[in-house]
Amino acid sequence: MKISYYPGCTLKTKAKNLEDAALASMAALEVDFEELPRWNCCGAVHSLADDDLIHHVAPVRDLIRAMERGSDKVVTLCSMCYNTLARANLLMRDDEVKRKTINDFMDEEKDYHGEVEVVHFLNFLRDEVGWDKLRSKIKVPLEGLKLAPYYGCTLLRPKNVSIEPPGHPKIFREFLEVLGARVIDFAASTLCCGSYQILANPEAAETVAATILEGGINSGAEALVLSCPLCEFNLSKKQGDLLQKNMLSQEVPTYYFTQLLAIALGLGGEVCRFDLNDKISAELLKSKSLPSCDQAILT
Amino acid sequence: MPITISEKTIKSDFIEKVKKLSGQNIHKCFQCGTCGGACPMSGQLATLPRKIMRMAQFGLENEVAESKTFWTCASCHSCSVTCPRGIDLAKVMEALRQLSLRKNVNYVEPSKLPSETVKEMPQIAMVSCFRKMTS
Ligand code: SF4
Ligand code: SF4
Numbered sequence: 018m019k020i021s022y023y024p025g026c027t028l029k030t031k032a033k034n035l036e037d038a039a040l041a042s043m044a045a046l047e048v049d050f051e052e053l054p055r056w057n058c059c060g061a062v063h064s065l066a067d068d069d070l071i072h073h074v075a076p077v078r079d080l081i082r083a084m085e086r087g088s089d090k091v092v093t094l095c096s097m098c099y100n101t102l103a104r105a106n107l108l109m110r111d112d113e114v115k116r117k118t119i120n121d122f123m124d125e126e127k128d129y130h131g132e133v134e135v136v137h138f139l140n141f142l143r144d145e146v147g148w149d150k151l152r153s154k155i156k157v158p159l160e161g162l163k164l165a166p167y168y169g170c171t172l173l174r175p176k177n178v179s180i181e182p183p184g185h186p187k188i189f190r191e192f193l194e195v196l197g198a199r200v201i202d203f204a205a206s207t208l209c210c211g212s213y214q215i216l217a218n219p220e221a222a223e224t225v226a227a228t229i230l231e232g233g234i235n236s237g238a239e240a241l242v243l244s245c246p247l248c249e250f251n252l253s254k255k256q257g258d259l260l261q262k263n264m265l266s267q268e269v270p271t272y273y274f275t276q277l278l279a280i281a282l283g284l285g286g287e288v289c290r291f292d293l294n295d296k297i298s299a300e301l302l303k304s305k306s307l308p309s310c311d312q313a314i315l316t
Numbered sequence: 804m805p806i807t808i809s810e811k812t813i814k815s816d817f818i819e820k821v822k823k824l825s826g827q828n829i830h831k832c833f834q835c836g837t838c839g840g841a842c843p844m845s846g847q848l849a850t851l852p853r854k855i856m857r858m859a860q861f862g863l864e865n866e867v868a869e870s871k872t873f874w875t876c877a878s879c880h881s882c883s884v885t886c887p888r889g890i891d892l893a894k895v896m897e898a899l900r901q902l903s904l905r906k907n908v909n910y911v912e913p914s915k916l917p918s919e920t921v922k923e924m925p926q927i928a929m930v931s932c933f934r935k936m937t938s
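Just so you know, the sequences run in chain order A and B. Each residue of the first sequence is one higher than the last, beginning at 18 in our numbering. Each residue of the second sequence is one higher than the last, beginning at 804 in our numbering.
Hints should not be assumed to be uniformly reliable.
Stated by the list, open to error - Using 30 Å as the maximum straight-line C-alpha spacing, the simulated DSS-like pairs for lysine-lysine come out as follows:
#, chain 1, residue 1, chain 2, residue 2
1, B, Lys922, A, Lys117
2, B, Lys822, A, Lys176
3, A, Lys117, B, Lys906
4, A, Lys262, B, Lys822
5, A, Lys176, B, Lys831
To be clear, the hints were calculated from the coordinates, so they are not data collected in a lab. Nothing here was measured: the structure is a model prediction, and the numbers come from that model.
With the rest of the complex left out, here is chain A (with noise of 0.2 Å):
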């Protein structure tokens, strides 16, 4: 069984922090992975408009990319790449018009049905190693740390590609403990955090990110666990504003999921280019002392 990884775009520039932590991960648990040696942005949403179909091509074409190294599945870490490969897969295994359109289209590729298999990384971690020996690897656990996983909108919705059938989700919840933390679930773990409208409406979007960040901490939560590099943005990365507009109380710490495994698997900090989130994030870490980055970055 071969893997493949498909990466997206922002992991390789504004969420290295993401992909570095997870990648130095992999090669800790033995994953035999590989990058997609080609591969174009997947146009990180889902074309919704029923006769839209030329945006399904570019997903669909990373997805023959992995066919054609032999994979059958293709991994991701990015939840919004996740839902966008996921959903093209699906509307090529089971949309027989659209498929033989879009086929027909890319006359110079290989006919695609579904094939491949897309699976977000949290859903690798929990089906093909399994908590158990990821457990085992487990040298720093994260004690004391009371964290609080969001979930955001593309790991669960729509129904037909969520990571775990709809309901109460609990694979970030059992993830985390694996790790050694205190989880925290709380009510707006899978609110929108605004997505892509902190662009266009940001009062709106600043409005449920704060919303977020408020549940969290009300919960008892020291920090967020995320998933998506637009919902850091929105989570992290505007906390100032929110702070600036006395829409949020105090600063969140956030952390993507993979910084915590390499962590918990004892890869130490440098590899989870705390640098990249914000300094209060990594100031938690050392307050538990838990690897985070070197004191330059924190002072």
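Following the hints, complete the assembly by docking chain B with the ligands onto the known chain A.
Chain B with the ligands only, in chain A's frame:
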């Protein structure tokens, strides 16, 4: 402002276009309001999704367009997964956006974004926003 429902609006091809683009039967909506309860943007909306559905059922194209609801929608699918009638409302919102965008009007003008904004935004924010808000 009074809203006039006439034979002309009910028979307009707007209703058919929305149904076709969204692939959803908007007439199934029975106005329960579950969608608005689930919508993260409802606090910012002058017109809740339920009302948009009613207006669309009556072919009130201009009123729907003026509401701006579909421009505030974040395509989060919270409404779609909770609608008791099984309507994928996110697709209806997309159809409404597309009906505006296909008149060659952009809601967001990429060239007018401040350079600091472009610099700080993750790519997925820009790609998704331009996909939803430009023609
Ligand atoms: S949840 Fe469904 S049936 Fe209820 S108002 Fe919204 S669209 Fe109509
Ligand atoms: S998809 Fe749009 S209308 Fe539906 S709940 Fe989300 S933001 Fe509201």
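Hint check:
1. With a C-alpha separation of about 39 Å, the suggested pairing of Lys922/B with Lys117/A is violated against the 30 Å cut-off.
2. Restraint check for Lys822/B and Lys176/A: the C-alpha separation of about 21 Å stays at or below 30 Å, so the hint holds.
3. The straight-line distance between the Cα atoms of Lys117/A and Lys906/B is roughly 29 Å, inside the 30 Å bound, and the hint therefore holds.
4. The straight-line distance between the Cα atoms of Lys262/A and Lys822/B is roughly 41 Å, outside the 30 Å bound, and the hint therefore fails.
5. For the suggested pair Lys176/A and Lys831/B, the alpha carbons sit about 20 Å apart, so the restraint of at most 30 Å is met.
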